[in-house]
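Visitor: Sequence:
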Amino acid sequence: MTTPPTRINSSRPYAERLEAWRTRLAESRHLSSRFRDRYSIVLAQMEAFAMTESVAAAREAAAADPHRAAELLAGTTLLPSASRASAPLLFDGDADIVRLLRELLAECLHLDDFMAAQQPLAQTAVPIHPSRRARILRVDEPASCDLVALVWSAGSVEERQRNAALISGILPERSGPGELRLAVQSEYALVRTEYSADPWVFSPNLGETLEDALRSRRLDSRSRRRVLTALRRLREAMLEAGLIWQGFAPRNMFLRDEEIILIDFEEVVDSSTSPARAAEYLLWHRIFFADSLTAAEAAELFAVDSNGAPAIADDHPLPADSFERALLAVDTVTWRQRRELLGQSLRLESQHRRPERRRDGGVLYGHELGHFWGDFLPVAHEVRLFSHLSPIEDPNTLVACLEAFEAAMEADICRAIRASCTGTADGSAMRTEGLIDALDAVGVTALAEARLNTRAWYQQLTADPARLMDELLFQLGTNVGGVSQPLLDTYLVGRSGARKGHEEDLVETVRVGLDFLHGAEPEQPFLRYAEPTALRKAIAQPLPREGLGFDHVLAEVNDVVARYSIGQGHPRYLAFPDSGNALAALAGSLLSPLLNQNLIAVDRSAPSATFVEAQVIEWLRELVGYTTVPLTELRGVKDVSGLWTTGGHLSNHIAMLAALGHTFPAARKHGLRGLDTQPAVVMAGPIAHYSHSDAAFHLGLGWDAILSTGAKQGYTTDPAAVDRLLSDPPSGRTPFMVVGVAGNCRTTGLDDLEALGEVCRKHGVWFHVDACHGGSLIFNDRLRQQHLRGIEQADSVSLDPHKGLFTPYPSSYVLFREREVLTQFSRHTTTVMADDCWDLGLITPFLGSRGFQSLPTWMLLRHVGTRALGAMVEARQALVRYLERRLDETGLFVRLNDVDFYRMAFVFCSPSVRSALTSLDAVGRQRAAKIVSAYTSRVNTALYQAGEVCFDEHSLADLADRVGAGAGTGYTIMATCPGNPLLTRADLDVAVERLVAEAQPLVEPMLAEIRGEAVHQHAPRLSGPAGWNDGE
0 MTTPPTRINS SRPYAERLEA WRTRLAESRH LSSRFRDRYS IVLAQMEAFA MTESVAAARE
60 AAAADPHRAA ELLAGTTLLP SASRASAPLL FDGDADIVRL LRELLAECLH LDDFMAAQQP
120 LAQTAVPIHP SRRARILRVD EPASCDLVAL VWSAGSVEER QRNAALISGI LPERSGPGEL
180 RLAVQSEYAL VRTEYSADPW VFSPNLGETL EDALRSRRLD SRSRRRVLTA LRRLREAMLE
240 AGLIWQGFAP RNMFLRDEEI ILIDFEEVVD SSTSPARAAE YLLWHRIFFA DSLTAAEAAE
300 LFAVDSNGAP AIADDHPLPA DSFERALLAV DTVTWRQRRE LLGQSLRLES QHRRPERRRD
360 GGVLYGHELG HFWGDFLPVA HEVRLFSHLS PIEDPNTLVA CLEAFEAAME ADICRAIRAS
420 CTGTADGSAM RTEGLIDALD AVGVTALAEA RLNTRAWYQQ LTADPARLMD ELLFQLGTNV
480 GGVSQPLLDT YLVGRSGARK GHEEDLVETV RVGLDFLHGA EPEQPFLRYA EPTALRKAIA
540 QPLPREGLGF DHVLAEVNDV VARYSIGQGH PRYLAFPDSG NALAALAGSL LSPLLNQNLI
600 AVDRSAPSAT FVEAQVIEWL RELVGYTTVP LTELRGVKDV SGLWTTGGHL SNHIAMLAAL
660 GHTFPAARKH GLRGLDTQPA VVMAGPIAHY SHSDAAFHLG LGWDAILSTG AKQGYTTDPA
720 AVDRLLSDPP SGRTPFMVVG VAGNCRTTGL DDLEALGEVC RKHGVWFHVD ACHGGSLIFN
780 DRLRQQHLRG IEQADSVSLD PHKGLFTPYP SSYVLFRERE VLTQFSRHTT TVMADDCWDL
840 GLITPFLGSR GFQSLPTWML LRHVGTRALG AMVEARQALV RYLERRLDET GLFVRLNDVD
900 FYRMAFVFCS PSVRSALTSL DAVGRQRAAK IVSAYTSRVN TALYQAGEVC FDEHSLADLA
960 DRVGAGAGTG YTIMATCPGN PLLTRADLDV AVERLVAEAQ PLVEPMLAEI RGEAVHQHAP
1020 RLSGPAGWND GE
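Residue numbers (numbering that gives the first Met the number 0): 0 to 1031.
Keep in mind that the hints were calculated from the coordinates and are not lab data.
Hints should not be assumed to be uniformly reliable.
Claimed, not checked - Pairs of lysine to aspartate or glutamate, EDC-like flavour, derived with a Cα cap of 20 Å:
#1 K637 / D602
#2 K761 / E817
#3 K637 / E817
Unchecked claim - Computed beta-carbon distance windows for the label pairs:
#4 A379 / T828: 44 to 50 Å
#5 D727 / T940: 41 to 47 Å
#6 T828 / E873: 42 to 48 Å
#7 E266 / P316: 19 to 25 Å
#8 T532 / L590: 46 to 52 Å
#9 G442 / A310: 52 to 58 Å
#10 T828 / Q677: 26 to 32 Å
#11 A455 / A379: 20 to 26 Å
#12 D727 / G673: 21 to 27 Å
#13 S273 / Y13: 53 to 59 Å
#14 N452 / T532: 52 to 58 Å
#15 E266 / R216: 27 to 33 Å
#16 R880 / L593: 38 to 44 Å
Glycine included, every Cβ here is placed at the ideal spot set by N, Cα and C.
Work out the full structure, taking the sequences as your base and the hints as a guide.
Guide: This is the structure we're talking about:
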């Protein structure tokens, strides 16, 4: 039996691991000092997750091949691709190297696979561009040596060789003792599988580049002088010959004994034929040497340019390169523009004095950064970075920003090493790119301050640059735009240290609300009326760029928003029953956003709130008369046969959608176009709520899908008319739903639900009861039996706690008799039907993320209980009955309905007006009806705008011809619905008195106008939602 591998003790401190790997890699001759640090960091990080055996093997391999050591820690092994066939190798070049390579590659199955398994070349400060795929080969026999291998493009081989010969031909001889010799690297060999393929180029490892040697300051002053002299002689020779080597850069030079060896001759420019290009390369050379020479050394080296460089006119046009196109948005630049841009790059890529001497003797090497950016950043990112850094004038700010980008570079190089070793790419953005994003957001000053305020910067940089950068990016990102902890505490609730201030602000907010509800002033009106134009002017403000103090904002709410809001809980507000003044429901509405639950799902969204809503739905089902079970016996969302919605409008939409899916299940997949009939909805048009016809339109059925029957004189649906329509529907239409109304929005007339239910069962049609108004009657056993008998037969019921149950907006529910109805709305059939799946978002059409709006109803029911709620619902009957009698006593008004529930509709029409109507012909009566409507609206508008009494106003047909202008004549009516149990008899008396006081003086003018003795212009007014019927 084999022993399973064990993990190393992860408790070994990171610093200890890092130091151990640094010690181990100190023996490696293949790494620059920069890469020695980088590999140490990568190995220390990977060791924490490696097997014990892998760590031991990695330690053994590290000195010779640190990359292989990292692969061992990762547990990755590079294998030849099974799909690759072996191909004969072609060799060319230096005979000794070719002979060595033939022996080395004798058993190589595929060249690229073999090279991929070799150690990446890591002898320069910045990685060689990935396209070169640089590798190092260690050769032990017949002689110990190292070979460096890179890829050249096939098309560049001959050009490189010609260029090397050109430069070799102009190399100056040593003019005196002590001078360094210059030589072109000629010892190399090319290996490829065919002549058209990009070859691998092998040459002896020359070790440290001149660039790193000059930066390291290991060269004494005499050695630097000898190097500078040799470089100056080479530059003079190039200028004299008019042959400008593009690669005149210290990274392409190696100091070996008494010789500087030159490599990489990709391009040589003849200044006589391409003077502008030659001049440009001469400037680039300054950038290449920018951080490896002192300012004095650079001045000496490039002084020869003044006499030999081509002279280019400032306005000489040049094709813009990719950087210039992105930066300047042009296709052509002038020589002056390019020269100036190169000058700015030279400044950025020179040596910079660090704030401390803890790294590189206090020098930051700018070209090391510029080289990395040029090779590894997309042009668009380079441009953004350049745009931020080039304008910086303060050297301290500039070096601080550059040090931040140095840390990002180190993190990104370590990331690339790790990805190469593990064989898996890191999907996150480079930290350099992240820092550019941060710079866009905060600017250079904030970045510099963040860098300078970071403690132990250099220690963190050499230990874990990625963590350093992540912390810096977090700091910058969380402090963007001046955001700070005090600022966050001003705007956001949640930190315990700021609770006292938040509590005071929220208490004051509640006080504003209570002042509005209770009336902060004696005899406060239900409304301080202002014309819409004035309100727009009072509220109109430009987009706030800067915030105001909370006290100021709350004062604005109090002085403008609340001041001109309508008080639906006011004792003079008689338009709707939506008082929204139940203590527990108000508390729930306050708590809901504070708890901030998202009822789309249970886990991570709404663990307890989900079951609160499920419990409310089950309670409401019980009150309707549906079968119920304890919450503990529900199996999942498949048993949750109802849901909260924003209002009756949406509840009725969902009910229609459920009925449609039930009757035409194929439509769920194929849509309505797959049906051979038009689905239709039957309802009594004169009393139906507009939401049903809207639903037909919104669901794609079309308004024509509404089949309207007439209404009875009591503003209720006629079951016999429904039966006749279902028995003989119009051709091409298939009724799938009948809407019964338990309290219509105009008169709260209550349909005979029992009879309608029998008709629907007879025809097999879905029966929906719109009980948004009458739903409160389910809380009182006597009223439920009297008015809602048969509601339990409905396939679906919509009801609104925000209408008759003293709950603030929004609060509506749609309930379904059969469980699992809502599961049809989920495409995830298996999931939604699984036991213990409680994610309500699977069964809530039109609703995704939503708040905890069931909490107010839950708290209301828990606080008040159904018995007391039922009593309050019944007590409201006395309010409307009293108001009905008082209104009749005045003799000034005609009621269009007998009160079934709690809403009464009436017009201003005195006995003398009704008498005058009898003497008019049909046309005259219709004209008189319009006058009655106009004066009714005039009275109502005066009361409303004075803030004295609020009655509703909408259009309504006089089905029983109580006014006398003809049955079905439409009027603008006033309506009252005293739903607030806090109303007193005195409140109602005052309302009637003010109504009479406003109407009484208008009796004679209205009568004169009806008789034709006077003419007045009456401006039409918009009516409320109750009047949005299909007849308008």
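Visitor: Hint by hint, say whether it matches the structure.
Guide: For each hint, the structure was consulted:
1. K637 / D602: 17 Å, holds
2. K761 / E817: 18 Å, holds
3. K637 / E817: Holds, at about 10 Å.
4. A379 / T828: 44 to 50 Å: 46 Å, holds
5. D727 / T940: 41 to 47 Å: 46 Å, holds
6. T828 / E873: 42 to 48 Å: Once the Cβ atoms are compared, 45 Å apart, the range 42 to 48 Å for E873 and T828 holds.
7. E266 / P316: 19 to 25 Å: 21 Å, holds
8. T532 / L590: 46 to 52 Å: 38 Å, violated
9. G442 / A310: 52 to 58 Å: 40 Å, violated
10. T828 / Q677: 26 to 32 Å: Since T828 and Q677 have Cβ atoms about 28 Å apart, the given range 26 to 32 Å holds.
11. A455 / A379: 20 to 26 Å: The hinted range 20 to 26 Å is violated for A455 and A379, with Cβ atoms some 34 Å apart.
12. D727 / G673: 21 to 27 Å: 26 Å, holds
13. S273 / Y13: 53 to 59 Å: 54 Å, holds
14. N452 / T532: 52 to 58 Å: 53 Å, holds
15. E266 / R216: 27 to 33 Å: For R216 against E266, whose Cβ atoms are near 31 Å apart, the range 27 to 33 Å holds.
16. R880 / L593: 38 to 44 Å: 41 Å, holds
Of the hints listed earlier, those the structure fails to meet are numbers 8, 9, 11, in rising order.
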